[in-house]
Amino acid sequence: MTKKKSQPKRRSQRSNRSARVKRTKRSRTKQKPQLKRTRQRATRSAKRKPTKPSRRKLTLPQRLARARKLEALDAGMPAFEASRQRPLAGPQASAAHPFRNDDFPNTYIQQISVSLDDPDHPLTLSWTGPNAVSQQTGPFRTSPGAGLIGLNCDNEATSRRSGSKCTPKGTYPVQGFQQRLNSDSRATYVTWFMQSRGIALHYFPIVPDYAASHGCVRIEAVDVARLIQDNSLVGDTEVVVSGTWTKPPKQWP
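Each number in this note's numbering corresponds to the 1-based position in the sequence shown with 13 added.
For the record, the hints were derived by calculation from the structure and aren't laboratory data. Take the hints with a grain of salt, since some may be wrong.
[What the hints assert, rightly or not] Heads up, simulated SDA-like pairs for lysine to any residue below, C-alpha to C-alpha not over 20 Å straight-line: (1) Lys263 x Gly176; (2) Lys263 x Leu71; (3) Lys82 x Pro186.
[Stated by the list, open to error] Beta-carbon label-pair distances, calculated as ranges: (4) Asp222 x Asp197: 15 to 23 Å; (5) Pro266 x Asp116: 43 to 51 Å; (6) Asp133 x Thr184: 16 to 24 Å; (7) Tyr223 x Ser196: 17 to 25 Å; (8) Ile162 x Gln124: 29 to 37 Å; (9) Ser255 x Asn144: 22 to 30 Å; (10) Asp115 x Arg69: 56 to 64 Å; (11) Asn144 x Pro266: 14 to 22 Å; (12) Ile162 x Thr184: 22 to 30 Å; (13) Arg68 x Pro186: 40 to 48 Å; (14) Ser209 x Pro152: 22 to 30 Å; (15) Ala234 x Ser139: 30 to 38 Å.
Since the model is a prediction, treat every value here as computed from it, not as a measurement. For every residue, glycine included, the Cβ atom is placed at its ideal position computed from N, Cα and C.
Sequences and hints are given; from them, build the entire structure.
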């Protein structure tokens with residue numbers, strides 16, 4: 014009798030064990046995709062690049078010092094100077110200075126006036142000499158210095174400050190000439206008027222209707238830049254910068 018009674022108990026125990034095994038298998042299968050997801054997330058987070066530390070903002074003295082390095086780069090010796098003597102007649106002289114008037118240096122540019130007024134920042138030429146009346150005077154489109162962020166280039170003292178990236182207001186004699194700027198080969202037919210700061214009149218392919226340069230006066234027409242260079246006299250021709258500077262949409266950092 015005892016043997017017969019023990020058989021159903023064993024069967025029930027076996028069925029309970031098999032049910033438990035099935036449950037554990039089911040639970041394991043359910044847990045597997047979750048484990049895969051967590052592993053994928055972990056690997057993705059590990060692959061992510063570390064965030065770059067934020068750059069410290071430079072102070073105004075530091076930005077001025079950095080801008081002075083650019084000024085020093087451009088403030089090199091001029092490649093050549095306009096002769097004060099009457100040029101020799103012949104094809105070589107005309108080829109070297111194709112925009113020079115026939116009566117130079119008796120007839121030359123006495124004053125180069127640059128207005129800081131938006132949008133054209135007009136440049137005009139005043140001539141002196143026997144043939145002054147027949148020469149081009151302008152106005153011609155330009156773009157002056159945008160200045161460092163936070164600086165007001167309309168203030169005369171600020172505009173003259175070294176490293177400000179402003180076009181200096183005032184009257185200055187032409188100091189010399191150069192084929193192109195050392196800092197940017199696109200800036201050609203350079204006429205210096207504050208060489209210690211690397212400030213000049215020159216041609217540049219980008220001349221917007223707002224102040225955009227590092228302090229120089231960008232001239233829109235290359236022929237005008239050549240006309241100025243070929244007909245100005247060092248020490249005699251004056252550059253006059255005046256008008257109202259307006260803060261542009263973007264200043265230099």
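Each hint, compared with the structure:
no. : hint                        : result
1   : Lys263 x Gly176             : 17 Å, holds
2   : Lys263 x Leu71              : 17 Å, holds
3   : Lys82 x Pro186              : 24 Å, violated
4   : Asp222 x Asp197: 15 to 23 Å : 21 Å, holds
5   : Pro266 x Asp116: 43 to 51 Å : 47 Å, holds
6   : Asp133 x Thr184: 16 to 24 Å : 21 Å, holds
7   : Tyr223 x Ser196: 17 to 25 Å : 21 Å, holds
8   : Ile162 x Gln124: 29 to 37 Å : 33 Å, holds
9   : Ser255 x Asn144: 22 to 30 Å : 27 Å, holds
10  : Asp115 x Arg69: 56 to 64 Å  : 59 Å, holds
11  : Asn144 x Pro266: 14 to 22 Å : 47 Å, violated
12  : Ile162 x Thr184: 22 to 30 Å : 28 Å, holds
13  : Arg68 x Pro186: 40 to 48 Å  : 41 Å, holds
14  : Ser209 x Pro152: 22 to 30 Å : 28 Å, holds
15  : Ala234 x Ser139: 30 to 38 Å : 18 Å, violated
Checked against the numbered hints above, the structure breaks hints 3, 11, 15 and satisfies the rest.
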